[in-house]
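*Asks:* Go by the hints and put chain R onto chain L.
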Amino acid sequence: MGTLETLTRTFEFSDYISVLEISYILASILFILGLKKLSHPDTARNGNLWAAGGMGLAILFTILFHKTKLEDGTYQGIQNIGWIVAALLIGSIVGWMAAMKVKMTAMPQMVSLFNGMGGACAALISLMEFPKMQNMLAASHASSMISGEALAILLGLGIGGVSFAGSMIAFGKLDERIGDIKSPILRYINLFFLFLLLAMVVLIMTMTPQKDNNLMIYILGLLALLYGVTFVMPIGGADMPVVISLLNSFTGVAAAMGGFLYSNQAMLTGGILVGSSGTILTILMCKAMNRSLLNVIIGGFGGSAAGAGDQGDKTVKEISLSDAAVLLSYSQKVLVVPGYGLAVAQAQHLCHEIENLLGSKGVEVKYGIHPVAGRMPGHMNVLLAEADVAYEKLLEMEEANNEMNNTDVVIVIGANDVVNPAAEDDPSSPIAGMPVIKVWEAKNTIVMKRSMAKGYAAIENNLFFLPKTRMLFGDAKSTLQKLIAEIKNL
Amino acid sequence: MTEVLKFFMEYREAIFIIILSIFLGIEVISHVPSVLHTPLMSGANAIHGVVIIGAIIVMGHAHNVLSMILGFIAVILGTLNVVGGFVVTNRMLEMFSKKKKQK
Chain L
7 MGTLETLTRT FEFSDYISVL EISYILASIL FILGLKKLSH PDTARNGNLW AAGGMGLAIL
67 FTILFHKTKL EDGTYQGIQN IGWIVAALLI GSIVGWMAAM KVKMTAMPQM VSLFNGMGGA
127 CAALISLMEF PKMQNMLAAS HASSMISGEA LAILLGLGIG GVSFAGSMIA FGKLDERIGD
187 IKSPILRYIN LFFLFLLLAM VVLIMTMTPQ KDNNLMIYIL GLLALLYGVT FVMPIGGADM
247 PVVISLLNSF TGVAAAMGGF LYSNQAMLTG GILVGSSGTI LTILMCKAMN RSLLNVIIGG
307 FGGSAAGAGD QGDKTVKEIS LSDAAVLLSY SQKVLVVPGY GLAVAQAQHL CHEIENLLGS
367 KGVEVKYGIH PVAGRMPGHM NVLLAEADVA YEKLLEMEEA NNEMNNTDVV IVIGANDVVN
427 PAAEDDPSSP IAGMPVIKVW EAKNTIVMKR SMAKGYAAIE NNLFFLPKTR MLFGDAKSTL
487 QKLIAEIKNL
Chain R
807 MTEVLKFFME YREAIFIIIL SIFLGIEVIS HVPSVLHTPL MSGANAIHGV VIIGAIIVMG
867 HAHNVLSMIL GFIAVILGTL NVVGGFVVTN RMLEMFSKKK KQK
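Protein chains in written order, with our numbering: chain L, 7 to 496; chain R, 807 to 909.
Same shape as in the complex, but just chain L:
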């Protein structure tokens, strides 16, 4: 046996497969460590890079070393490499550009969009694998399709389809292209589609495989899309973060179905990891908002005027810009409580400007961040960080509440429900028990708001009527601009 022969032997298919499997183990480790690091502020960025590295490794090695066993027993590597690379390039360029160009305030809908792409990808894989499997089973005269593989294909299509359609609706809602349709009938239609979807999976599994009989799988795909739409449609726009997180874990499960189908360890671990951590994250988000997941999905906030209490002759007191400027300039401690309205008005940079301005006058300015301020938990921190606000100035809710007693002025910018005292003192309020920033304990409160409109919980906020509260009506951005000018003129 010559050296050459031994050399060529070492490059048989089985070795390729071992190399591939090793790369998958490495990729899985990188995913796990990446996710672990992502959950700590100091290591988060590295964690993301590690996970990305694992992904690159898995993709590259799949293209190079993946082999499929053909019917005649020989092995075949990946074909159409030119097309695959072309698709990878197109996807990379478009994805990169979209991700770089998107504004920080539009981040949540971008995540939703990308999530939908993953779901659609999983669904397409199933659409392509089903005919292959059915034709194979039909050729061997199998009596039914009951098998783990068939189930994986059907669930991959079902879950992927729901995730895609749902994410698109969530994207539309966050981007304010689609309004809320709150109709109780929609919930029943929704349940009906879910039932049809499950029935279809059972039906396809038990039917006798016939060559090229693909109508059923298309119907299943269609049902998945319809269910995805009716699932997200009745849920209010403000609950979209929770929904996106949930759909995110759905896509994870859909990806894992692919992993099951191909016995592909990287897909399986990656998918399930996201599926389970996504579910936990969804629950954590719900907790931060003091709501149950079920409540988000079937309940929906508001509508009910319950707990609004005595309407009486409540009046709000407005404050003029110059008075506000004086009040702020001669305070010692000012706390800014930003909310969704700030994000919408893109006023985070102005906020920082006021902070600097007051800082130069010796006023200590800090920010009190409610966990669900903005559009998603943590979203406000990202927005303020974008505006160069120092990390140390951001107080979490508990810290902010502890300092509230010796705070001179609180400026509430575009926040409403997260500063509503009803959460504390009105047990009949829909938001009773929700953790809130107790801005009413400060010496003065200035509320910047566009109008007296209600927040997304659609309930009255008694804070606005308290004697210590002064209102400053107007768009957050223009009001802040005018306020800055006033302070400069002092």
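Simulated from the structure, these hints should not be mistaken for lab results. Glycine included, C-beta positions come from ideal geometry on N, C-alpha and C.
Straight-line C-alpha distance at most 30 Å; calculated DSSO-like pairs for lysine-lysine:
1) L:Lys293 - L:Lys43
2) L:Lys138 - R:Lys812
3) R:Lys812 - L:Lys75
So the derived label-pair ranges between C-beta atoms look like this:
4) R:Val810 - L:Ala459: 52 to 58 Å
5) R:Glu833 - L:Tyr224: 35 to 41 Å
6) R:Ser836 - L:Leu200: 27 to 33 Å
*Replies:* Positioned in the frame of chain L, the structure of chain R alone reads:
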């Protein structure tokens, strides 16, 4: 009953991985501060882009025009998920780390 046992035996490795991964996923992120919810969700979003491997495998064995087209689209969508997801997450986290270094 035997059907169930047979199913379990046939797929025991996958079932094993699935169960362990579920616990791992829960354990790994259960102490995340709420500040990081959004980036973490976005990062996890990018990781499930691993579905692209499936798209590459189907595309790599596509023989007719329809499956070529579907496969091509699937690979593009998967790549969007992966690249877009990681880049968006990185952009978010960049802002946190930038602030910390300045101080």
